[in-house]
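Participant: Single-letter residue listing:
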Amino acid sequence: MTLPVSKIDFRENSRSASPAIVKATQNSTRTALKKRAEVVDEFGEERWQELRRAGHEVRLHALTHLNRYLAKVEQNIVAAGGKVHWARDAEEAKGIVLGLASRHGVKSIVKAKSMVSEEIGLNEALEAKGIRVFETDLGEFIVQLAGQHPSHITAPALHMTKEEIAELFREKLKIDARPVPEELTEHARLALRKEFLNAGMGISGGNFLIAETGTLVIVTNEGNGRMSTTLPPVHVAVVGIEKVIPDWESAAVLLKLLARSVSGSKITAYNTFITGIREGGPKEFHLVLLDNGRSRILADEVAREALMCIRCGACMNTCPVYNQVGGYAYGAVYQGPIGSMLTPLMMGTAIAGGLPFASTLCGACAELCPVMIPIPEILLHLRKRFVEGDAFERPSVPGGLKGMAAIGRRILGSPALYRLGARLARIFQAPLRRGDWLPALPPPLNRWTLARPFPAFKGDFRRWWKGHTATAGSKEGKTHE
Amino acid sequence: MEKVQLFVTCMGENLLPDVLQKMVLLLERLGVSCGFPEDQTCCGQPFFNSGFQKEGRKMALRWMAAFADTEGTIVAPSGSCIEFVKHRYPAMFPPGSAEHELALRTAERVMEVSQYLVNALKVTDVGAFFPHRVVCHSPCHLTRGLGVRNEPLELLRAVRGLELVPLEAADTCCGFGGIFSVVYPEVSRAMMASKLEQIVASGADVVIVSEPGCLVNVRGGLRKIRSDVRAMHLIEVLAEGGAS
Numbered sequence: 006m007t008l009p010v011s012k013i014d015f016r017e018n019s020r021s022a023s024p025a026i027v028k029a030t031q032n033s034t035r036t037a038l039k040k041r042a043e044v045v046d047e048f049g050e051e052r053w054q055e056l057r058r059a060g061h062e063v064r065l066h067a068l069t070h071l072n073r074y075l076a077k078v079e080q081n082i083v084a085a086g087g088k089v090h091w092a093r094d095a096e097e098a099k100g101i102v103l104g105l106a107s108r109h110g111v112k113s114i115v116k117a118k119s120m121v122s123e124e125i126g127l128n129e130a131l132e133a134k135g136i137r138v139f140e141t142d143l144g145e146f147i148v149q150l151a152g153q154h155p156s157h158i159t160a161p162a163l164h165m166t167k168e169e170i171a172e173l174f175r176e177k178l179k180i181d182a183r184p185v186p187e188e189l190t191e192h193a194r195l196a197l198r199k200e201f202l203n204a205g206m207g208i209s210g211g212n213f214l215i216a217e218t219g220t221l222v223i224v225t226n227e228g229n230g231r232m233s234t235t236l237p238p239v240h241v242a243v244v245g246i247e248k249v250i251p252d253w254e255s256a257a258v259l260l261k262l263l264a265r266s267v268s269g270s271k272i273t274a275y276n277t278f279i280t281g282i283r284e285g286g287p288k289e290f291h292l293v294l295l296d297n298g299r300s301r302i303l304a305d306e307v308a309r310e311a312l313m314c315i316r317c318g319a320c321m322n323t324c325p326v327y328n329q330v331g332g333y334a335y336g337a338v339y340q341g342p343i344g345s346m347l348t349p350l351m352m353g354t355a356i357a358g359g360l361p362f363a364s365t366l367c368g369a370c371a372e373l374c375p376v377m378i379p380i381p382e383i384l385l386h387l388r389k390r391f392v393e394g395d396a397f398e399r400p401s402v403p404g405g406l407k408g409m410a411a412i413g414r415r416i417l418g419s420p421a422l423y424r425l426g427a428r429l430a431r432i433f434q435a436p437l438r439r440g441d442w443l444p445a446l447p448p449p450l451n452r453w454t455l456a457r458p459f460p461a462f463k464g465d466f467r468r469w470w471k472g473h474t475a476t477a478g479s480k481e482g483k484t485h486e
Numbered sequence: 008m009e010k011v012q013l014f015v016t017c018m019g020e021n022l023l024p025d026v027l028q029k030m031v032l033l034l035e036r037l038g039v040s041c042g043f044p045e046d047q048t049c050c051g052q053p054f055f056n057s058g059f060q061k062e063g064r065k066m067a068l069r070w071m072a073a074f075a076d077t078e079g080t081i082v083a084p085s086g087s088c089i090e091f092v093k094h095r096y097p098a099m100f101p102p103g104s105a106e107h108e109l110a111l112r113t114a115e116r117v118m119e120v121s122q123y124l125v126n127a128l129k130v131t132d133v134g135a136f137f138p139h140r141v142v143c144h145s146p147c148h149l150t151r152g153l154g155v156r157n158e159p160l161e162l163l164r165a166v167r168g169l170e171l172v173p174l175e176a177a178d179t180c181c182g183f184g185g186i187f188s189v190v191y192p193e194v195s196r197a198m199m200a201s202k203l204e205q206i207v208a209s210g211a212d213v214v215i216v217s218e219p220g221c222l223v224n225v226r227g228g229l230r231k232i233r234s235d236v237r238a239m240h241l242i243e244v245l246a247e248g249g250a251s
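Protein chains in written order, with my numbering: chain A, 6 to 486; chain B, 8 to 251.
Calculated from the structure, these hints are not laboratory results. Small disclaimer: the values here were computed from a predicted structure and weren't measured. Glycine residues also receive a C-beta, built at the ideal position from the N, C-alpha and C atoms. Careful: at least some of the hints might be erroneous.
If you want the footprint, here are the derived chain B segments under chain A, 3+ residues with CB under 8 angstroms [said to hold, decoys possible]:
#1 195–206
#2 220–227
Derived DEER-like restraints, expressed as beta-carbon distance ranges [unchecked claim]:
#3 102/B / 62/A: 18 to 26 angstroms
#4 84/A / 115/B: 28 to 36 angstroms
#5 436/A / 102/B: 24 to 32 angstroms
#6 25/A / 175/B: 16 to 24 angstroms
#7 36/B / 444/A: 30 to 38 angstroms
#8 408/A / 175/B: 39 to 47 angstroms
#9 436/A / 115/B: 42 to 50 angstroms
#10 467/A / 129/B: 26 to 34 angstroms
#11 36/B / 419/A: 29 to 37 angstroms
#12 409/A / 204/B: 43 to 51 angstroms
#13 421/A / 102/B: 30 to 38 angstroms
#14 185/A / 129/B: 53 to 61 angstroms
#15 185/A / 248/B: 37 to 45 angstroms
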């Protein structure tokens, strides 16, 4: 699933979300969160908070000095025998990769997991040119086989059960697969082995780019990242410009945060560090640095912190909204709270203005975010952009709603009108009232009563207060001047 | 004598007047004198959080004016409204402006009621008697927003006859979320259903939901599923069987 070009209807998507997907999502996120809590506990709460602060500092520093660090990355990679390409948008990035593939006569490609390649729709572009693309991360392999897209940024197939996966393997791989995770992994391993050896190109994303040495960092738990970037003769890494960090010390901080936040491990199983061309590795190394709207986000003082994201997925795992709708409801490559920020930031609020509202502002995400992105803050910022517009966008909210808000403010903002409104509500509720409740309200308030009754308006506090202060007046109860 | 100003909140005043009356009586019983600035209306949160920040700022200025000439801590039976005044008001206005100064001064004055009882009055035992099995939901803005986690529990533990039992995922959102509940009603309903399931599974007779919006949500939800579990504000429990 790439970035969307037409309006995302989160409400419609949430209504049509498959209950099976929601259930599987909840089971997976619960396990991930439990493991995360265990390792964080073991690490020590105070140390963990210190590490989060360090991670925040490092990422913010890198973003606010991006030009300097990007130049350093290019300089060091070129010095190490690699090539650096700059892509303004998805089209340019795809063009660069397609050009490299055609120059090398590539027929098939193995890919390590990369959300950026999903963002730009790289697989589709390659396949359109007749090139076969094999996703080698187990989860990505599964969703590719199923003709789907990831529903979670670190656990692409988290919406599927092992039974569904076994059935998929039986159907597509024509093998006798049982719903046993170890056996399913073995089947995937066998299916992929020959593709690793045949591939003319390996494509990866990148978790970080270390500026001081020009080193690409890739973490995986299956070793597929290392194989994809080592076995084929050409390695192309497509990486967002925001992934740059200053030095190896920064990497040490962020890798600790990342492994614990993603899956509750102390360290990811495979940490691959690639610096240009090395002996025994691919003959060519290309880094495609992708902007695709990122520099525009960088110019936005409030929203830029969303670019600090290290794609751990913890915000999604803990989000009570994500857990009720699954990843597909967000209608785009990034889901959950991070998606509700990035999609409208990249595509505009005319397309994705509904996503920042897909949150109760409960703050669970910000509490877990390893680099302390102020997620509710940014969601509020985007709600404002959608409603009032700002230096970046014109408002997308229907004018009528704005008028209603202005009227609402005038009523609620005037003590006399406020009290009058409360009194009218008490009068007009009479025909709808059933005891203490209003079981059904007219539109648009039926959106509330479809789930639960609304309590009847009871306006006796001010009257009670008058009586109360009159009888207790001497006890200096009334201090209002 | 301790003095507080009542911040009754829109939902409190119009939907939960009993909670407010009980809060006044409790505070007075504890020797606190209450004032009620009658010009107060909405604090502006529903506007601001829906993206109508300009309207929200106007409401904030109005709200602060209503309290400007009063003295004492401003107390509300809501963590959400208090958090909005405490954290959002100062961030609404440019630093250095008169409005910002006023917002900072106002922010210093506000406290949610359980916070006020435990931290300002230093009272945990209010002499209440409530012989029930009780679970306590942790409202998001009260716990994560204001950092009030233990105060309600300390007050509940001191209530005679009350058995406090744990609630699974107590700090997971109940699905209210202000405007969220009507923008995405189906998701709100599903979140509420999860919360209700955990409340019912706890075996409690009573669930404490000390946040007007969340209380209205959970209470309505329990009614809809015809559950016998009662949803109550902490204040309602503290007012039970209290020594006078």
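Participant: Please go over all the hints and tell whether each is borne out by the structure.
Facilitator: How the hints compare with the structure:
no., hint, in the structure
1, 195–206, "holds (count 6)"
2, 220–227, "holds (count 4)"
3, 102/B / 62/A: 18 to 26 angstroms, "22 angstroms, holds"
4, 84/A / 115/B: 28 to 36 angstroms, "56 angstroms, violated"
5, 436/A / 102/B: 24 to 32 angstroms, "51 angstroms, violated"
6, 25/A / 175/B: 16 to 24 angstroms, "23 angstroms, holds"
7, 36/B / 444/A: 30 to 38 angstroms, "36 angstroms, holds"
8, 408/A / 175/B: 39 to 47 angstroms, "44 angstroms, holds"
9, 436/A / 115/B: 42 to 50 angstroms, "46 angstroms, holds"
10, 467/A / 129/B: 26 to 34 angstroms, "31 angstroms, holds"
11, 36/B / 419/A: 29 to 37 angstroms, "34 angstroms, holds"
12, 409/A / 204/B: 43 to 51 angstroms, "36 angstroms, violated"
13, 421/A / 102/B: 30 to 38 angstroms, "34 angstroms, holds"
14, 185/A / 129/B: 53 to 61 angstroms, "59 angstroms, holds"
15, 185/A / 248/B: 37 to 45 angstroms, "58 angstroms, violated"
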